[in-house]
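So the chains spell out like this:
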Amino acid sequence: MTKTGAQILWECLEREGVQHVFGYPGGAILPAYDALKYSKIHHVLVRHEQGATHMADGYARASGQVGVAVATSGPGATNMVTGIATAMLDSSPIVCITGQVGSKLIGSDAFQETDITGITLPITKHNYLVTQAKDLARTLREAFYVARSGRPGPVLVDITKDAQQGSCEFDWEAAKPQLPGYRPDLSPAPKEYKEALELIHNAKRPVILAGHGIIVSGAMQEVRDLAERAGIPVALTLLGLGAFPASHPLNLGMMGMHGEAWVNNAIQEADLLLALGMRFDDRVTGTLKTYAPNAKKIHVEIDPSEINKNVKVNVALVGDLREILHELLPRIETVNRSEWLDSIDRLKGDSAVRDIQNLPDSGHLYAAHVINDLWRETRNGNTVVVTDVGQHQMWEAQYYKHDQPRSLITSGGLGTMGFALPAAIGAKVARPDTEVWVIVGDGGFQMTMSELATVVQENLKIHVAIINNGYLGMVRQWQEFFYERNYQATPLLNPNFAKLAEAYGIRANTITKRSQVVPAVQSAREHPGPVVIDFKVEQEDTVYPMVAAGASLQDMIRRPNPLVETAEDE
Amino acid sequence: MEKGELKLGSSNFQFPVSLATISAEGRYDDMMNTFVVYVENKPGVLTRVASLFRRRAFNIDSLTVGRTEKPDVSRMTITVDADHDQAKRIEANLYKLVNVLLVENITHSPAIVRDLAMIKVAATHEARSHVLELAGVFRARVVDVAADSLTIEITGAEDKIDGLLDVLRPYGVLEMVRTGIVAMRRGAKSPETALGTNALPQVTADDDVSYSV
Numbered sequence: 005m006t007k008t009g010a011q012i013l014w015e016c017l018e019r020e021g022v023q024h025v026f027g028y029p030g031g032a033i034l035p036a037y038d039a040l041k042y043s044k045i046h047h048v049l050v051r052h053e054q055g056a057t058h059m060a061d062g063y064a065r066a067s068g069q070v071g072v073a074v075a076t077s078g079p080g081a082t083n084m085v086t087g088i089a090t091a092m093l094d095s096s097p098i099v100c101i102t103g104q105v106g107s108k109l110i111g112s113d114a115f116q117e118t119d120i121t122g123i124t125l126p127i128t129k130h131n132y133l134v135t136q137a138k139d140l141a142r143t144l145r146e147a148f149y150v151a152r153s154g155r156p157g158p159v160l161v162d163i164t165k166d167a168q169q170g171s172c173e174f175d176w177e178a179a180k181p182q183l184p185g186y187r188p189d190l191s192p193a194p195k196e197y198k199e200a201l202e203l204i205h206n207a208k209r210p211v212i213l214a215g216h217g218i219i220v221s222g223a224m225q226e227v228r229d230l231a232e233r234a235g236i237p238v239a240l241t242l243l244g245l246g247a248f249p250a251s252h253p254l255n256l257g258m259m260g261m262h263g264e265a266w267v268n269n270a271i272q273e274a275d276l277l278l279a280l281g282m283r284f285d286d287r288v289t290g291t292l293k294t295y296a297p298n299a300k301k302i303h304v305e306i307d308p309s310e311i312n313k314n315v316k317v318n319v320a321l322v323g324d325l326r327e328i329l330h331e332l333l334p335r336i337e338t339v340n341r342s343e344w345l346d347s348i349d350r351l352k353g354d355s356a357v358r359d360i361q362n363l364p365d366s367g368h369l370y371a372a373h374v375i376n377d378l379w380r381e382t383r384n385g386n387t388v389v390v391t392d393v394g395q396h397q398m399w400e401a402q403y404y405k406h407d408q409p410r411s412l413i414t415s416g417g418l419g420t421m422g423f424a425l426p427a428a429i430g431a432k433v434a435r436p437d438t439e440v441w442v443i444v445g446d447g448g449f450q451m452t453m454s455e456l457a458t459v460v461q462e463n464l465k466i467h468v469a470i471i472n473n474g475y476l477g478m479v480r481q482w483q484e485f486f487y488e489r490n491y492q493a494t495p496l497l498n499p500n501f502a503k504l505a506e507a508y509g510i511r512a513n514t515i516t517k518r519s520q521v522v523p524a525v526q527s528a529r530e531h532p533g534p535v536v537i538d539f540k541v542e543q544e545d546t547v548y549p550m551v552a553a554g555a556s557l558q559d560m561i562r563r564p565n566p567l568v569e570t571a572e573d574e
Numbered sequence: 017m018e019k020g021e022l023k024l025g026s027s028n029f030q031f032p033v034s035l036a037t038i039s040a041e042g043r044y045d046d047m048m049n050t051f052v053v054y055v056e057n058k059p060g061v062l063t064r065v066a067s068l069f070r071r072r073a074f075n076i077d078s079l080t081v082g083r084t085e086k087p088d089v090s091r092m093t094i095t096v097d098a099d100h101d102q103a104k105r106i107e108a109n110l111y112k113l114v115n116v117l118l119v120e121n122i123t124h125s126p127a128i129v130r131d132l133a134m135i136k137v138a139a140t141h142e143a144r145s146h147v148l149e150l151a152g153v154f155r156a157r158v159v160d161v162a163a164d165s166l167t168i169e170i171t172g173a174e175d176k177i178d179g180l181l182d183v184l185r186p187y188g189v190l191e192m193v194r195t196g197i198v199a200m201r202r203g204a205k206s207p208e209t210a211l212g213t214n215a216l217p218q219v220t221a222d223d224d225v226s227y228s229v
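Listed in order, the protein sequences are those of chains A and B.
Heads up: the first sequence begins at 5 in the working numbering, then just goes up one per residue.
Heads up: the second sequence begins at 17 in the working numbering, then just goes up one per residue.
Hints listed in this document are in silico derivations from the structure and should not be mistaken for laboratory results.
Treat the hints with caution; some may be incorrect.
Unchecked claim - Reference excerpt, derived from the structure (chain A facing chain B, CB under 10 Å, subset only):
no.	residue
1	G106
2	L109
3	T121
4	G122
5	H130
6	R145
7	Y186
8	R187
9	N312
10	K316
11	V322
12	E484
13	E488
From the three backbone atoms N, C-alpha and C, an ideal C-beta is built for every residue, glycine too.
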């Protein structure tokens, strides 16, 4: 059947299971938009193309399905760069469709022409330039396949205007992916399993390092079985939160720069690290020179280029985590490791998190209060929390206890401010029955707050909790610790966020006292539409504990006692 | 063995210590690695490969691309300065490129490695016979003769060409161009099996880590 490239585009997306796309029209993508009229796909009109990519990303992370963002050529395409890089660093499967000037104009610096495949080459898993309608179907099938298979990632398909306008015979079956060099299905050799099992069974002080790969692979139950059967405690990366239930007795919590002391100490004292779907990011390891000096390391990872990149390991099991654990589990022997677990439990008494969590309501509103109260209110529900980047993100990771996978969506690798609100829109579109909370700083919120209009236009019930401390808080914290409190360019003069939200027709309120937190959360949950709550928190609060960049994991900056006493005194 | 030919032994070949430095941990440190990379013959693939090296901060010493016996496959020979772990990661990263079909690190394999150079040498009447004699010793060919210069074409391993250059320099090298190296494994083994049957090459490290790619 003969179809135009534009028609083929939407038909292929439908056949790939796409129900929603996030986009912004413009000249070079207009033929595609013209054909959208005849498609069942729901188009979410964003306010900035960066938002479209974060929405596609949030959609993918909330659902496990490929998210799709659409933009025009030139500025539309370049605005997507931050979102694509965010998805790349966090292995999120998204497909970005961009319009391109006519194929005969390529290279001529035509209006809104930019070399987006060149620009995104290092930040996509793969990308394509399509100049003829007849190449479109196969390219789109390949794009979705590459995005979702193996280690997922963003794929960009740049389609010239004439490829959208041109017609050709459309044959889905004949347009099968042709990727002779692409090998997403790796598996370890029997010898490697044997070596791994030996290390596991001989370990006296093992720790599982649980990462994002567990969620991507859907190996939550397998990891739980492994931990329980082998008696191994589990430390999580930021993106791993939810991969292993926070309420599980073997859960240690988050590791790394803002991990609790006992977690990092357990890693430093371990004699075996079993890294599952994580990549030894510098925020997780601290300086590599002193990282887990006594531990053998097993790395279970789908991407061979991650092996020995940061941390030299003894055994690498390269392949799909779930399949590998299925192979390992029947051969895991139960080992009594009560001595090791008891020693970790003793360390747990030394908690920095509890210090502030248990503070009485003394008039000071701490971000920790807001997040911990929010957790208590929503813990039994089906809730997704989407955070931005900075102090509030770390406090969320510390004080909100995630029992479910895909219940925390956050920008880890790239640390993209402005991620939260659009990613939450994507999450809500993917899972409309889920309660979605945005936890965002006053800085990051202002980077993409224009998407409040998208929230309203799409009538999405999203709750936005702004942790407003009047600073770019994490940068201020670094200035406090490492730049002699020289607070250059970190204090923020903010608008009245409540009034701003009301201007969009969103219900809003401002909270300054701890006693108001729970009622505000409850009232937001009962409200049928979106709500913005501006929590005005302690301005110069600091995320503790902290491992300075480049320091050893065990060298943590701890919360000084005076701050706690001050709060109690009042 | 021809003078200047890269001396590589059997597949169990131990690299001579004198050719590499050993770090404090007793590991072979930075050395030239030679990769043969088969890629889909498509626009932009060279950029993807080159960009990978730039992006991961690996320094390419030489890169050549050309056609193969198959019209849809191109072949690259890439030499890059890297230590053992880096070389493994270069290989793994190359495989991550969707258009890369097969990667062979032939650094420790018996291989034929060739570079081609054209060298224009100032050769006045009295120097000419000396230059011709030197070219003969290196089995180089004279491809152009002008009144006061000779252009010599030489094919061989890099150090052979370096050797000729050294002896020609006193006469005055006016212009020189080199292709960069191309390499091929010795023996009957061809990448045909791996390229044709989708059989995955098993990569086994020589020390304590192994994995398949």
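Determine which of the earlier numbered hints do not hold for this structure and return their numbers in increasing order. When the structure is compared with the hints, numbers 1, 2, 6, 12 and 13 turn out to be violated.
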